[in-house]
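Enquirer: Now for the letters of each chain:
Number of protein chains: 2
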Amino acid sequence: MEYLTLMSAREAAAAIRAKEITLLELVDACLRRIDEREPTVNAWAFIDPERARAAARACDAAEPSGPLHGVPVGIKDVIDTCDMPTEYGSTIHRGHRPSRDAACVSLIRRAGGIVLGKTVSTEFAMYQPSKTVNPHNPGHTPGGSSSGSAAAVADRHVPLALGTQTSGSIIRPAAYCGVIGYKPTVGTFAIEGIKALASSLDTLGVLSRSLDDLSLMYNVFCGVDLAADPLPAREPRQVRLGFWQPPFGEPSRDADGLRLAITRLRAVGYEVAPAVMPDSFASLNDVHAALMAYEVARNHLYEYEPARRAQMGDSTTAVIEQGWNISFEAYLRCREQTRQAQIAFDQIAQSFDAILVPSATGEAPAGTSWTGDPVFNRMWSLLGTPALTLPVGNGPNGLPIGVQLVGRRDSDRVLLDVARRLERAVSG
Amino acid sequence: MEYLTLMSAREAAAAIRAKEITLLELVDACLRRIDEREPTVNAWAFIDPERARAAARACDAAEPSGPLHGVPVGIKDVIDTCDMPTEYGSTIHRGHRPSRDAACVSLIRRAGGIVLGKTVSTEFAMYQPSKTVNPHNPGHTPGGSSSGSAAAVADRHVPLALGTQTSGSIIRPAAYCGVIGYKPTVGTFAIEGIKALASSLDTLGVLSRSLDDLSLMYNVFCGVDLAADPLPAREPRQVRLGFWQPPFGEPSRDADGLRLAITRLRAVGYEVAPAVMPDSFASLNDVHAALMAYEVARNHLYEYEPARRAQMGDSTTAVIEQGWNISFEAYLRCREQTRQAQIAFDQIAQSFDAILVPSATGEAPAGTSWTGDPVFNRMWSLLGTPALTLPVGNGPNGLPIGVQLVGRRDSDRVLLDVARRLERAVSG
Numbered sequence: 153m154e155y156l157t158l159m160s161a162r163e164a165a166a167a168i169r170a171k172e173i174t175l176l177e178l179v180d181a182c183l184r185r186i187d188e189r190e191p192t193v194n195a196w197a198f199i200d201p202e203r204a205r206a207a208a209r210a211c212d213a214a215e216p217s218g219p220l221h222g223v224p225v226g227i228k229d230v231i232d233t234c235d236m237p238t239e240y241g242s243t244i245h246r247g248h249r250p251s252r253d254a255a256c257v258s259l260i261r262r263a264g265g266i267v268l269g270k271t272v273s274t275e276f277a278m279y280q281p282s283k284t285v286n287p288h289n290p291g292h293t294p295g296g297s298s299s300g301s302a303a304a305v306a307d308r309h310v311p312l313a314l315g316t317q318t319s320g321s322i323i324r325p326a327a328y329c330g331v332i333g334y335k336p337t338v339g340t341f342a343i344e345g346i347k348a349l350a351s352s353l354d355t356l357g358v359l360s361r362s363l364d365d366l367s368l369m370y371n372v373f374c375g376v377d378l379a380a381d382p383l384p385a386r387e388p389r390q391v392r393l394g395f396w397q398p399p400f401g402e403p404s405r406d407a408d409g410l411r412l413a414i415t416r417l418r419a420v421g422y423e424v425a426p427a428v429m430p431d432s433f434a435s436l437n438d439v440h441a442a443l444m445a446y447e448v449a450r451n452h453l454y455e456y457e458p459a460r461r462a463q464m465g466d467s468t469t470a471v472i473e474q475g476w477n478i479s480f481e482a483y484l485r486c487r488e489q490t491r492q493a494q495i496a497f498d499q500i501a502q503s504f505d506a507i508l509v510p511s512a513t514g515e516a517p518a519g520t521s522w523t524g525d526p527v528f529n530r531m532w533s534l535l536g537t538p539a540l541t542l543p544v545g546n547g548p549n550g551l552p553i554g555v556q557l558v559g560r561r562d563s564d565r566v567l568l569d570v571a572r573r574l575e576r577a578v579s580g
Numbered sequence: 153m154e155y156l157t158l159m160s161a162r163e164a165a166a167a168i169r170a171k172e173i174t175l176l177e178l179v180d181a182c183l184r185r186i187d188e189r190e191p192t193v194n195a196w197a198f199i200d201p202e203r204a205r206a207a208a209r210a211c212d213a214a215e216p217s218g219p220l221h222g223v224p225v226g227i228k229d230v231i232d233t234c235d236m237p238t239e240y241g242s243t244i245h246r247g248h249r250p251s252r253d254a255a256c257v258s259l260i261r262r263a264g265g266i267v268l269g270k271t272v273s274t275e276f277a278m279y280q281p282s283k284t285v286n287p288h289n290p291g292h293t294p295g296g297s298s299s300g301s302a303a304a305v306a307d308r309h310v311p312l313a314l315g316t317q318t319s320g321s322i323i324r325p326a327a328y329c330g331v332i333g334y335k336p337t338v339g340t341f342a343i344e345g346i347k348a349l350a351s352s353l354d355t356l357g358v359l360s361r362s363l364d365d366l367s368l369m370y371n372v373f374c375g376v377d378l379a380a381d382p383l384p385a386r387e388p389r390q391v392r393l394g395f396w397q398p399p400f401g402e403p404s405r406d407a408d409g410l411r412l413a414i415t416r417l418r419a420v421g422y423e424v425a426p427a428v429m430p431d432s433f434a435s436l437n438d439v440h441a442a443l444m445a446y447e448v449a450r451n452h453l454y455e456y457e458p459a460r461r462a463q464m465g466d467s468t469t470a471v472i473e474q475g476w477n478i479s480f481e482a483y484l485r486c487r488e489q490t491r492q493a494q495i496a497f498d499q500i501a502q503s504f505d506a507i508l509v510p511s512a513t514g515e516a517p518a519g520t521s522w523t524g525d526p527v528f529n530r531m532w533s534l535l536g537t538p539a540l541t542l543p544v545g546n547g548p549n550g551l552p553i554g555v556q557l558v559g560r561r562d563s564d565r566v567l568l569d570v571a572r573r574l575e576r577a578v579s580g
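Chains as they are written, first to last, in the working numbering: chain A, 153 to 580; chain B, 153 to 580.
Since the hints were made in silico from the structure, they are not lab data.
By construction, the Cβ of each residue, glycine as well, lies at the ideal position given by its N, Cα and C atoms.
Treat the hints with care, as some may be off.
[What the hints assert, rightly or not] For each label pair, taking beta carbons as the anchor points, the in silico distance ranges come out as:
| no. | chain 1 | residue 1 | chain 2 | residue 2 | range |
| --- | --- | --- | --- | --- | --- |
| 1 | A | Thr243 | B | Pro399 | 52 to 58 angstroms |
| 2 | A | Cys234 | B | Cys234 | 53 to 59 angstroms |
| 3 | B | Asn289 | A | Gln463 | 50 to 56 angstroms |
| 4 | B | Asp466 | A | Arg418 | 58 to 64 angstroms |
| 5 | B | Val420 | A | Asp466 | 31 to 37 angstroms |
| 6 | B | Glu473 | A | Asp466 | 48 to 54 angstroms |
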């Protein structure tokens, strides 16, 4: 039955709809995989096998209700569920049970999806690691903050899971764990009922093993079936691809995924040209960090009260304290720089269907006391652009490396089309 | 003791700090006023006099803790409070007690403010009226959705109250009730812990009787004391004022407040020039309505489940159903139009310190089955600009009329400076 846990969400939904498999069989296969692997991987903040089986039986007995009918989904623990604890990765909220579902959870349930459980988040979706490890090597970090979602999908506990990104919290763990991570244009998938980290940056996205599953989630969240209304066919030479090696990070090691992607795309006939960004973009990571910290400080005042503060990790406290040291005037300057950079990038991105950039600083770092560096993610979170990471191979330690595609805001469909082309080029 | 309920928040805080009055005296005066008037006005969703008095005594016994020390504040019932019910104006959430405070409530408590109670919101801060009436004439609407906050401040139950605006929910009720309503640039005051209506538009703001209290709230929410760091002094002729009568609404009646403001400003030496807006701006109200409805539909799916839907008012259901009929492609077109209009308005607004426009369609309409028309507010909510309404007199029915000032995003300080000049011009 191992093939059941290899299925994409779209394959699983089709098989259930065609009555080739029952949802109970699928859920049982997921639960067996979790039983076997969870003691090592620690991807789950909450899972209740009996409840999952009961939901599966009920779903098997019902008529197919939507595009996700019967698909088990992992929900990052910063997202409210009315029937499961939601602890935001913090002992301050231990046992907290929200009174209602987040909008995205309601949409998943309405589409027939099964909420299998809550996946581990770092503390308040920031940088303090939690218990999850990299499923490819438990001595390495899975990345953060969507650690549990990335590990659970990579390790075949579920076909897909929800993640959130404010800094690099979808792209980085997806790249480290060797799965697809997709952060749509900010504001595309509803964030109601997700604990705010930094409200102007918070974005809901998806971790999966199949690009098909991203268009499935478009159907669930936005009511549009991208597969039924494809983009016009184009020859490779008509696709405008760029690449950019940002002037920060450590190019010699980080660029492996980027170089590999460019090589393979060129091998099958694509032109990949350098994209020229303004020098001012070199400061956008700092703008992001300041803007995020300012908002984080205000959004976590309840948790930062003296009585609760001691339950926070040092790296969370550090961001909050950084935020209290940023003046309102400095915050306004960050907002203005962001607006100007968004206008500039919209202009640049009009010349490209997608721009290839590094996903992360190479393979997942050793150790689990650090979730890795969002250096290649911050600026795209700030600009609100869509970003997608795709696995392209393994690095020197045998761990996955990815490449990131970014595009113009609200041109996500074009980005998904390029991702599909890149996937074909990579898989040969 | 009636003078106590006439004090602005800043005056009250100063008097408490100077030990000229105790907080218990102030809270008692507020509670007496509420006792007397609440049976008519119905501004409060929750108030507990004994708890308020206990908080007042505790605060009187403590050292002054911040700029709001001892000031009673009304909190709109869409904003989470961990010690009071938060029902979002809906029987679906009757008795709901959130597990934590919203960021703005934590900031108010940290600054020493007393949460006196929860003020009435229309259902989910949309258009279905609740029990509040206009304190100037109970046969007329107070406006919505920050109905209770506007009525409570106008009727001297509290010196200030929090409101939220997604469409016209601060400016309209403030104008109808004859108080100051201030919607800062979107994203200025933290919205964490406020029930999302349409996430890309939701803005936290303030209703008060004094412009001083807005700078006080800047100190509470943004840690900046505007009074301590004033803008450079300028002669009236150096202040660049514009006015715009939008090409919608009913100019003959609606423009009273606008005309009065221009007349009085000119009388004291200001030049007020017409502001020219692109013809395309005439469609921005429709763009706003569609974008809002799309997001509202997704954000209220939990409440719109068949089991709960029957508890919703017809006008709420209508917005949700409108939203489900808007395609994702149409939503993306709205977002693109918004971005283009924001860039265009930023350009126009650079030539002005503020642009005067109508606040509402004249006086509060008769009847309480409708909260009035946000026709003059929608586009500013869409553009994310700061907006402020100031009372300028009374209309033919003896009810208040206001004028609205709008400015460039993140130029709120300049707008507050113009508001102060206008207030002086109006009061002669």
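Enquirer: Could you run down the list of hints and mark each one as holding or not?
Expert: Each hint, compared with the structure:
Against the hinted window of 52 to 58 angstroms, the Cβ-Cβ separation of Thr243/A and Pro399/B comes to about 57 angstroms, which satisfies the hint. Against the hinted window of 53 to 59 angstroms, the Cβ-Cβ separation of Cys234/A and Cys234/B comes to about 18 angstroms, which falls outside the hint. Against the hinted window of 50 to 56 angstroms, the Cβ-Cβ separation of Asn289/B and Gln463/A comes to about 52 angstroms, which satisfies the hint. A beta carbon spacing of about 60 angstroms between Asp466/B and Arg418/A agrees with the range 58 to 64 angstroms that was offered as a hint.
A hinted range of 31 to 37 angstroms is violated for the C-beta pair Val420/B and Asp466/A, which are about 57 angstroms apart. In this structure the supplied range 48 to 54 angstroms holds for Glu473/B paired with Asp466/A, their Cβ-Cβ distance being about 49 angstroms.
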